[in-house]
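S.K.: Below are the chains, spelled out letter by letter.
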Amino acid sequence: MTCPYLEYHDEADGRQFDQPRAYCTAAERFVQPMRADVCNDRYALEHEAHCEIYREHVEVPEP
Amino acid sequence: MSYAEYLVGEPLIVTAALTGGVHGKEANPNLPETPEEIGRAAAAAEEAGAAVVHLHARKPNGERSFSTQRFQAIDDAVRAHANDVVIQHSTGGTGAPTADRHLPLRTDPPPEMASLDMGPLNRYDHLTSENTRGTVDALHDEMRDRGIKPELEVFNDGHLNEVHGLLERRDLADPVYATLIFGGGTLTRPRPRNLLNAVSNLPDGALFNTLGFGRHQLPLTTMGILLGGHVRVGLEDNVYYRQGELATSNAQLVERVVRIAGELEREVATPAQAREILGL
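Protein chains in written order, with numbering that gives the first Met the number 0: chain A, 0 to 62; chain B, 0 to 279.
The set of hints was computed from the structure by calculation and includes no laboratory data. By construction, the Cβ of each residue, glycine as well, lies at the ideal position given by its N, Cα and C atoms. Among the clues, some could well be false.
The following label-pair restraints were derived from C-beta to C-beta distances [as the list claims (entries may be wrong)]:
#1 B:T247 / A:R41: 28 to 38 angstroms
#2 B:S1 / A:P19: 43 to 53 angstroms
#3 B:V7 / A:E51: 16 to 26 angstroms
#4 A:D9 / B:R241: 23 to 33 angstroms
#5 B:V7 / A:E10: 33 to 43 angstroms
#6 B:G146 / A:E6: 38 to 48 angstroms
A short list of chain B residues far from chain A (calculated; beta carbon distances all over 10 angstroms) [said to hold, decoys possible]:
#7 V7
#8 E9
#9 L263
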């Protein structure tokens, strides 16, 4: 399951892209492509465990 | 490679790392992502003096791709636009499984070079590129079978031990070529003395390439030139030209290091010279 704060936008904050790109609605900014692997839970990554932005936003305590 | 090589005028191989897999146009809109953009950037970098282009593949939305087909499209574009530049594929990065990491090696023809990460690298707070010895050996073996020269990526001094270990496990063709990487996190702390230390701990006869992230690109590559090594620059490693000013292109970063090499009286290698130096 992908991160609930992940959206794909083709424009935001005065920037425009030909292809919609990963956008973090929690941080209100476009996501670095490598971070998008975490947002999309690819390669055994899980946003709930591996994204510090998500964890801070929903106040998940560090283990 | 040593200061002695600098004094005798060993040509300098400039590698341009055009796009990378970490950041994209959200960091610098001039960073190439599509095959066409990468092909044109490779040609401009070659025109500026780069002999090698280090390539990553991207999906249309800018995210990382390991697909053989996507690398093939990039190589086709590079060959369409550039003249004779050496193609080097990345096999590194993220938590991608080893099977995916082999896919960039399977283009037709295969790349002349490919990166081989020598150990783990931390990203963000909870992500590690593992690069176990098993992964390293498996990638190396396919490179050997396909005639691809490995570029040994040394993220820190511990990875120098891994280089020596790889040479004990595998018979690498001479010359061994290692990229010494400096920056934050898992990378070697970017200090001039640490470049000297890393060079002194390389296997005998190894060539080295200097890579500094961000603001360290300029001073550490300059030092690498003086030590008789080779250099890597580009938007993968550094999106700025100077503090607060984004680079306009990969070629702009290549032009600067070529100017510095000229002032230091170091000849810049053509792709043909680079092939000879690297034994491709």
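S.K.: Quick one: are B:G146 and A:E6 within 38 to 48 angstroms, going by C-beta?
M.R.: Holds - the Cβ-Cβ distance for B:G146 and A:E6, about 44 angstroms, lies within 38 to 48 angstroms.
S.K.: Taking the closest pair, is the beta carbon of B:E9 still more than 10 angstroms from chain A?
M.R.: holds (35 angstroms)
S.K.: Is 43 to 53 angstroms respected by the C-beta to C-beta distance linking B:S1 and A:P19?
M.R.: holds (50 angstroms)
S.K.: Are all C-beta atoms of chain A more than 10 angstroms from that of B:L263?
M.R.: Holds, because the least Cβ-Cβ distance between B:L263 and chain A comes to about 35 angstroms, which exceeds 10 angstroms.
S.K.: 23 to 33 angstroms was suggested as the range; check whether the CB atoms of A:D9 and B:R241 agree with it.
M.R.: holds (31 angstroms)
S.K.: Should the hint that B:T247 and A:R41 are 28 to 38 angstroms apart at their CB atoms be regarded as holding?
M.R.: Since the Cβ atoms of B:T247 and A:R41 sit about 32 angstroms apart, the hinted range of 28 to 38 angstroms holds.
S.K.: Take the C-beta atom of B:V7 and the C-beta atom of A:E10, compute their distance, and say whether it sits inside 33 to 43 angstroms.
M.R.: Check failed, 55 angstroms falls outside 33 to 43 angstroms.
S.K.: For the pair B:V7 and A:E51, does the Cβ-Cβ distance stay inside 16 to 26 angstroms?
M.R.: Violated, at about 50 angstroms.
S.K.: Determine whether the non-interface label on B:V7 survives the test: each CB of chain A must be over 10 angstroms from its CB.
M.R.: holds (41 angstroms)
In this structure, the hints that do not hold are numbers 3 and 5, in rising order.
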